[in-house]
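The task is to assemble the complex, starting from two chains supplied on their own in separate frames and drawing on the hints.
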Amino acid sequence: MYDVAVIGAGITGACIVRELSKYDLKTIVIEGSYDIANGATKANSGIVHAGYDAKEGTLKAKLNVLGNKMYKDLCSELNVPYKNNGSLVIAFDDEEMKTLDVLLKRGLKNGVEGLEIIDKNTLLSLEPNISDKAKGALYAKSAGIVSPYELAVALCENAYLNGAEFIFDAKVTNIVKEKEKFIISTSKGEIISNFLVNAAGINADEINKMLGGQKFSIIPRRGEYCLLDKSQGNIVNRVIFNTPTEKGKGILVTPTTHGNLLLGPNAHVIEDKLDISTTDFGLEEVIEGAKKSVKNINLREIITSFSGVRATPSTGDFIIDVPVRGAGNVAGIESPGLTSAPAIASMVLELLEKEGLSLNFKSDFKKGRILSKRFIDMNDDEKKIALEKDRRYGKIICRCEQITEGDIVNAINCPLGAKTVDGVKKRLRAGMGRCQGGFCMPRVVEILSRELKTEPENILKAESGSYILTGKTK
Amino acid sequence: MERDLVIIGGGPAGLAAAIEAKEKGIDDILIIERDKSLGGILNQCIHNGFGLHIFGEQLTGPEYADRFIKKALDLGIEYCLNTMVLNMSKDKTITVLNEKEGLFNIKAKAIICAMGCRERTRGALNIPGTRPSGVFTAGAAQRFINMEGYNVGKEVVILGSGDIGLIMARRMTLEGSKVKMVLEIMPYSTGLKRNIVQCLDDFDIPLKFNYTVVKIHGRERLEGVTIAKVDENRKPIAETFEYVKCDTLLLSVGLIPENELSREAGVEIDRVTSGPIVTEAMQTSIDGIFACGNVVHVHDLVDFVTMESRLAGRMAAKYIKGQLKKDEEVINTKGIDGIRYVVPHKINPENVEDNVNFFMRVDNVYKNVIIYAEHDGQVIYKAKKSMVSPGEMESIKIKKDVFQNIKSGEIKFGLRRA
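Protein chains in written order, with the numbering used here: chain A, 527 to 1000; chain B, 353 to 770.
Just chain B, same shape as in the assembly (with noise of 0.2 Å):
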């Protein structure tokens, strides 16, 4: 099968970056979907809170999901569910496999990765202890409680302040389980302010900074976990050790980028982001293959994913119709002095559009900063922030003229005093 652009994932950023190349002038698009329904993890996300940035309201993920779903459909946009992409290479072809068609490969003339990311787990924390049943990674959870209609547990401790371990305290407070409290390893949270507002404190559930859960106890069901208060370099204080009695232990400690496909492919990978290197059009390292969303860095806000999936259809179209420059000299970014990533990592003016949208996590809590941009010792950019934070996603828009001036070497982004 041959098939113009393939999109992988049907999540928020598979569904904008099809709808935006459709409306772009790309016809044969497919996209590729693993699960039951299209929408991705929104499907589960029941809560409000989506889409203020791109809709100016607050919806819940399905809904936000839906308004996606709709258009491609309106578009005429094809896609299959319950089918996965088992090997994709450097050709672009891929391996498909589905109850329908069985195995069959397809061979585009562009790909879009949007397979999202999946949750860090108790493995990769090595947490010593038993294994019992009852530790859940908290999308494991949400997904059991808001789709299958099981709850999974009475008493509960949560590891992790990522969102999604405050939105389940809040979820499994509302089904009658006692949450007990919230650990969070970091002096700062990693999760949105306003989650921890009113998901935590409306609901009185302690957040504990600097601590952590040191062993997990229990033969056949959890019983209960050690917790224990950690010192500068984040090493448990002996002292502080105290059992609590608990049948759930949620484990809300990060997000990896779902990228074994693009690894397999031979796709360059962003050690610090763990998604592949990308381009200001969103084009991995291999020609024709792009990636948005959280398979390229775990976002914050869905909002945000949109955007950036937007242009990756956009750019992707361009690309099928001969229109998109190659990278022949190229603008390098880096973060520096706080800023842990930057994402686009290369920057090829000729394609920029009006703006280039950087997107950067910052690796600590700072108050009264100043974003800078510089390229060879001259400041292109600065802004000043009363507080930045490692949970919220910093975005910063350079115009496109500023390009016009540099064509190669590095930008760097940091952080400084205001």
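Here chain A stands alone, though its shape is the one from the complex (with noise of 0.2 Å):
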């Protein structure tokens, strides 16, 4: 019997849980995926926007702006890496000069800080790699750059911490009501909640069906993504835009928090809403985008593509709504998501407080997260104490990452700790360097059955079924 269920550990629900583990609450999060951040957390641009695009009055604007000045106090809370690198939108003609115009002045509607049009000489001298054929730029020195699934590994890790309780592989079923309780059907079995949230982000409208709720629906629409190798990543040093039009917001160029150079992306709008493939013509389209607004980008250097479905929704705007009484929708947190889901968490707890949720804050809540920095990370004195601790920091075992055994032992067995290879490479990035695994899959599987006490044929790259090995050879 739990005060309130949160359905869904992507970014959103992360936010939430976070939030609600600050108080005398006994809550849960119900994840349909075997981890944290396995839907569009894990596969998308990872920007903190600045809030000029959204329309002045939406919740997108609001909680954008809002959302955007909790990231830095938040990202160094927890350890994770956010960088606040500024964006540049980029005009090439004086039809998208007079955009930035629109923009400019939506932003400072919006509440936005530190937006200016700057000319072509000044964005070349910020960026040199900028394509010569651009007439200006809208420079928002508030945006920045963040690890989103690092950042709900380590919100989740922090609500753990706290109390909260996780379950995993659960699919929500079936919810009813009965007597002021939700009880939640899952494949996992049956949870009951006095209160509940519905941040199931794709799957937000057959939540939202189940609950009763206003009819609405969730579009999924997909964006594919380009990631080159860290030697590309000095190619601009601020996220780069072209300047957007009714299609939307166009293909972006930026670095990550990690130093690779991202690409993408495009918005197509598709039938499946598990469909996360790539396509040559989308691939393609990336490239081109990129290619629009930044030059010398070596395309030989890209590592990996992929693509994430956003969960736009059918209203234009987040959905944030009480569905029935006792629940809060969360849903359609398309873009600027990522930068309003601190926001979001906020807001959602003064909608379940009108909701009669008694919200006690905990004398003892603990700061911090149960990950500790990879040894990489590690200053000298730090990396002296973690191998006198554990002999295996001193082991690599990605060496394009340079994360140790000493971290992917750790990374397993902690708290909410990996039980995939793709759940190692989340948490620690091994495996997400240019050699994408190559030389460190086959020993990442070796420690993770070893640590799991499995047999190594029973290990997964990400979701059941995704098996790797198929049995002993002869």
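All the given hints hold, so there is nothing to weed out.
Among chain A residues calculated to face chain B with C-beta under 8 Å, some are:
| id | residue |
| --- | --- |
| 1 | Leu800 |
| 2 | Ile802 |
| 3 | Ile828 |
| 4 | Thr830 |
| 5 | Lys909 |
| 6 | Arg918 |
| 7 | Lys921 |
| 8 | Ile922 |
| 9 | Arg925 |
| 10 | Met967 |
| 11 | Pro968 |
| 12 | Glu989 |
| 13 | Gly991 |
| 14 | Leu995 |
| 15 | Lys1000 |
Think about it this way: if two alpha-carbon atoms lie no more than 27 Å apart in a straight line, the pair counts; the simulated BS3-like pairs of lysine-lysine are:
| id | chain 1 | residue 1 | chain 2 | residue 2 |
| --- | --- | --- | --- | --- |
| 16 | A | Lys945 | B | Lys506 |
| 17 | A | Lys1000 | B | Lys532 |
| 18 | A | Lys909 | B | Lys452 |
| 19 | A | Lys595 | A | Lys667 |
| 20 | A | Lys910 | B | Lys452 |
| 21 | B | Lys506 | A | Lys998 |
| 22 | B | Lys597 | A | Lys1000 |
| 23 | A | Lys799 | B | Lys597 |
| 24 | B | Lys597 | A | Lys998 |
Just so you know, these hints were derived from the structure itself, not from any lab.
Predicted, not measured: the structure shown is a model, and the values here were computed from it.
All residues carry an ideal CB built from backbone N, CA and C; glycine is no exception.
What follows is the structure in structure tokens.
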């Protein structure tokens, strides 16, 4: 029996449960997949937007600007990579320069600070690799980049430290409200809770239907990306956007918090919300879009491509409402959803309080996260201490990202730890470098099998069914 | 810690270089190996075919490695295993990490880079589709099967006719997996002819030239791939798309020299080989940093790695003793007309032993050609070849006396019709 059940462990659910964990409440997160951040949170641009895109008066506009301001503290508290590197919207003709003016005015109305339009010379002095055809740009100093899946993991870890419970691989099949309580049927059994938050991402419309809320639908809109080696990470310093059109924000080029270069996304509505495949024309679109704004990108340095499905709401704005007494919908959290998530969490708590949830601050709230720093990120003293504690910190498993066996063992054995090869990758970046796991994957499988005390054949890449080995050799 | 000679990598290149340097009088040598044993990738190459040039007999990978390991041990060459070099600097200081000693620095008089290469991945090819399990580089699959003792799939498609892919086609067939086909986007194989015969033909595995994979299917585990024929520009032809059911895709689509350490130190890299630019002494652009084996350019046979690495070991020994001449005036080399690259890139005639062995690769299959070398319009070498192909490395030996008359300028290597 829980006070609050949160459905979904993406960035929105993670922010909400972390906020809830500050109060005297018994909470549980119900996640349908094997891990935290397995949906749109692991496959998006990782941009902390300034807030000039969304129309004034919308939830998107309000929560974006509020969320942006919360990022710096949040990430430093949880030791998550974040960089306030600013963004530039590039205009290529007079028409687009006019659009920049519209964005500037909208941004000012939305309360965005540090916005200005700069001319070509200033632009090129900031970013020498911008296309020669650029005319000017909108510079937003408050924009930044973050590692979204690492943030979600860290938020969940912090919530766990403060008593929140988690259940994975539990697909919600039905919800019944009986005597002011929600009886949530899942593939892992029944969960009963007084309050409920629907943060189910791409499936939020289905949960809303189970709750009997006012009908809305989530349109799956897929975005494809190309990730380049760290050798390309310095091509640009800031997030580079093309000028938005009716079709959307267009392709961006950005360094990631780990120093890679990311290109994307395009935006295509798809039929199957689970279809996170990439397409030849889609990847071409991404590359062409990137080349339009930034020159000198060495495309031979692409190390992987991927796609994510955004949950586009049929209403056009974030849907944060009450489908039935005691429950909250947090649906249609497409861009700027990542930026807005911390602010959404505060809003959801207010909403639940109105619904009757009593919020009493915990006196013993714990800060920080579970997973310790990776060996490679430690300073010399910390490295020494880590090595004294566990010699396995001296053994590199992932060469490209320089991740040690000590790091991996720790990430598997800690609470909310990694259970799959992708889980290790998400927490440590092992296998995320230029060789894409070619060298370390066999060894990560071996370590997972040893630490989880199961045969190597049972080790999965990500979800059930994603087995890697088929059996012992003859 | 200070050392005369540090060798990064304990595979065939590092071992041969170490043995040679030791025999040439360098006592203080340390080999640093990141894996749990010496021998490098040879340890997972349990097939035979190694050693024909060096030993005049066919050995398996581990047997070939073993001869060098034994020799190194006999000579008392020091090595450390499970040890990773994290950084190398211009002044030949390296930062090293292992379980026993933790993090420490070594200052060396000379360094030989012998880090080998890694495989190109799916990401580098940018193959669209889903990202299920069951997509492996051929080398990763080889490690699972030959070293860990686990098979990786039942129905297999192999993309790329590189040697590891060909070897794995046979290996997985012997494990009871069904290898449906090997696809090669080029009109010729990038692997050795003998491997095509022994690994595909002998097992009736079809090799489809001008074919590639255009899409990967399956949400959790690989379920199939869409294959397609490509046109002369290597673009897939829509009418030829065909779905092939499989649970495993092996990629054997090229190897990339691992030069992250070299780059950080500021070693100049050849864009074609992705390896360091080297001299006749296998010295990189940084004084006292040498390189040999697959870290310089991808070799077809380990025997040639051994030859090149022995040279690097000898020259590093000379360097440490102060006997290697500085490259004040050098002859540059260059590949033209069908020759993609030439190693070494620079020749200082004063350091040339009896001759210089030039290694090169051609850009296509050519029949009845002459490989020539010319300097200042004058042909200094030519040899007839009935066939050359990109899968096989060409090597040319030019005698020392040829360099007596030329001290600078450029030697161009090319192909012309016989």
